[in-house]
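Student: So the protein sequences, as listed, match chains S and A. For the record, in the first sequence the residue sitting at position 89 is 89 according to this note's numbering, with numbers rising by one throughout. Start counting at 1 in the second sequence, then tack on 333, and there's your number in this note's numbering.
These aren't lab readings, by the way, just hints derived from the structure by calculation. Bear in mind that the values here come from a model prediction, so they are computed numbers and not experimental data. C-beta: ideal position from N, C-alpha, C; glycine also. It is possible that some hints are incorrect.
In silico lysine-lysine, DSS-like type, Cα no more than 27 Å apart, as pairs [claimed, not checked]:
| id | chain 1 | residue 1 | chain 2 | residue 2 |
| --- | --- | --- | --- | --- |
| 1 | S | Lys-242 | S | Lys-254 |
| 2 | S | Lys-331 | A | Lys-375 |
| 3 | A | Lys-447 | S | Lys-90 |
Here are the computed distance ranges between Cβ atoms for each label pair [said to hold, decoys possible]:
| id | chain 1 | residue 1 | chain 2 | residue 2 | range |
| --- | --- | --- | --- | --- | --- |
| 4 | A | Asn-419 | S | Thr-138 | 30 to 36 Å |
| 5 | A | Asn-412 | S | Ile-321 | 48 to 54 Å |
| 6 | A | Ala-487 | S | Thr-102 | 53 to 59 Å |
| 7 | A | Asn-484 | S | Ser-238 | 58 to 64 Å |
| 8 | A | Lys-479 | S | Leu-94 | 43 to 49 Å |
| 9 | A | Tyr-462 | S | Gly-22 | 36 to 42 Å |
Listed below, chain by chain, are the residues.
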Amino acid sequence: MNTESVHPITHVKHLKPQEHWGWIIAIYLYLAGMGAGSFVIGAILSWFVDPSSVVTIYGFPLNLAKGAILWGPILVAIGAPFLILDLGIKRRFLYACLNPRTSWVARGFLILSAFIVVGLVTLVISILPFQWLIEQITFRRVLEIISIILALATAIYTGILLKATKSIPLWNTHLLPLLFLVSALSTGSMAIILSTLGTGLISHDTGVLNVLISGEQILVGIEGIVLFLYLFRSYRTSEQGKDSVHLLLFGEKKLIFWGGIVLLGFIFPIILEGIASFFHGNVGLIFVAGLILLCGGFFLRLGVLSAGIREQIPMQRLIEIQYALRTMKTKEN
Amino acid sequence: MEEKVLVIDHQKCTGCRQCELVCSVFHTGSSNPSRSRIRVVKWEHEGIYLPMICNHCEEAYCVEVCPTKACHREPELNNRVVIDKNLCIGCKTCIISCPFGHPSFDTQERVTVKCDYCDGDPQCVAFCYAKAVFFMDADKIQMAKKREAANKFADLLKQARLK
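Take these sequences, add in the hints, and give me the full structure.
Tutor: This is the structure we're talking about:
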């Protein structure tokens, strides 16, 4: 019986990517990033525009306009339980903060908890229409600045979480936190546009909306450049980084990359917004473009997560040499 | 105190997977190799069998990334790296960060598990009839390992030169 021998290492075209962190973690990274990004954009926006539309609910007047642009912490609070959902033993999730000295998971737990608490306080304070609260301008500004810093930390942290697992070359780069930060800001600004679009909170002021949309388009442009640099760098650094990029661009995950990230995240929104600009800001078109862009943000996380291939083990070289010699011998015989 | 380490001679391994069996029996009480800490990776065509174990690294990534300090080093017991079952939350960060792919997720206990030298008496060593797994003093193994590696490389170089 003459069976063709299969090379144990080099015959495997691409090594398998990690499968331990899947779509649940992608949703968490996405919601945390988008929530933090939208809070940053919303809080800065509220300094310049200061929208207000008081609605009386159960005889209690609430300033809901601010709520519509500062709702990021709610999104992060929805995303955080997804991380707990992925744990083996879910009721032990509070243990996750025990080792902030070395572990980024623990640091992230603290950063996210702080952002959710401080951000929600900022949100509630901005909604409540009490006169004495409105007069405390310095207190509110300080609170907003602290929560913006925490929001930026949250957005960057989603990248550092992956970077901290050093053995996957696709993730182990400084460009990943940058990519996730830019993506968080672009999806966040889109979320703000969506939440204020139909409600008439700031859209009566078309100037603000135009500034937001053009800002969002610039961010999408920067995101595209960073994504290219990120993939280029990963391709060049190591063998497994190359495999990862190959897997993402032409391998099993090409649907996520070309369909999810490129088409949904970049091409469709740009085309739709281009068309919308000809129709004087057609609300429906911008709405659809926004929803598609948000889907693209999710697929970016999913793509990066699902294409992570572990680095070679040190003895691999030795085994390859041994194998090459063994095949040489068998050929001679 | 003398420190002992697990050493594998993969050229002696016959791929019988006895070590997987005894490991799972010792740690879980069931003869279920999928829950074993030691894994034999096989390439049957080539006759290469590689038992994969934890290296208890000096600078262990799993210890570094563990958010709960469940994965920690015990200097008093052969300087081993172990996961405390009662502290582990099963976040799988250590599995992803390990370059050797060692810690594995136990789907029944819902925590991550790894080699703990069986508290000083490794079962894989005791039951390996081919004697491919050793548990020996770290300072003795240094020289033996170096000599072994040097011999291997010298052989390879000689063979490569003959071609």
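Student: Decide, hint by hint, whether the structure agrees.
Tutor: Do the hints match the structure? See the list:
1. S/Lys-242 <-> S/Lys-254: At roughly 14 Å apart (the allowed maximum being 27 Å), S/Lys-254 and S/Lys-242 satisfy the hint.
2. S/Lys-331 <-> A/Lys-375: The hint holds at about 22 Å.
3. A/Lys-447 <-> S/Lys-90: The given pair, whose Cα atoms are some 20 Å apart, holds under the 27 Å limit.
4. A/Asn-419 <-> S/Thr-138: 30 to 36 Å: violated (48 Å)
5. A/Asn-412 <-> S/Ile-321: 48 to 54 Å: violated (31 Å)
6. A/Ala-487 <-> S/Thr-102: 53 to 59 Å: violated (41 Å)
7. A/Asn-484 <-> S/Ser-238: 58 to 64 Å: For S/Ser-238 against A/Asn-484, whose Cβ atoms are near 30 Å apart, the range 58 to 64 Å is violated.
8. A/Lys-479 <-> S/Leu-94: 43 to 49 Å: This hint holds: roughly 47 Å between Cβ atoms.
9. A/Tyr-462 <-> S/Gly-22: 36 to 42 Å: holds (40 Å)
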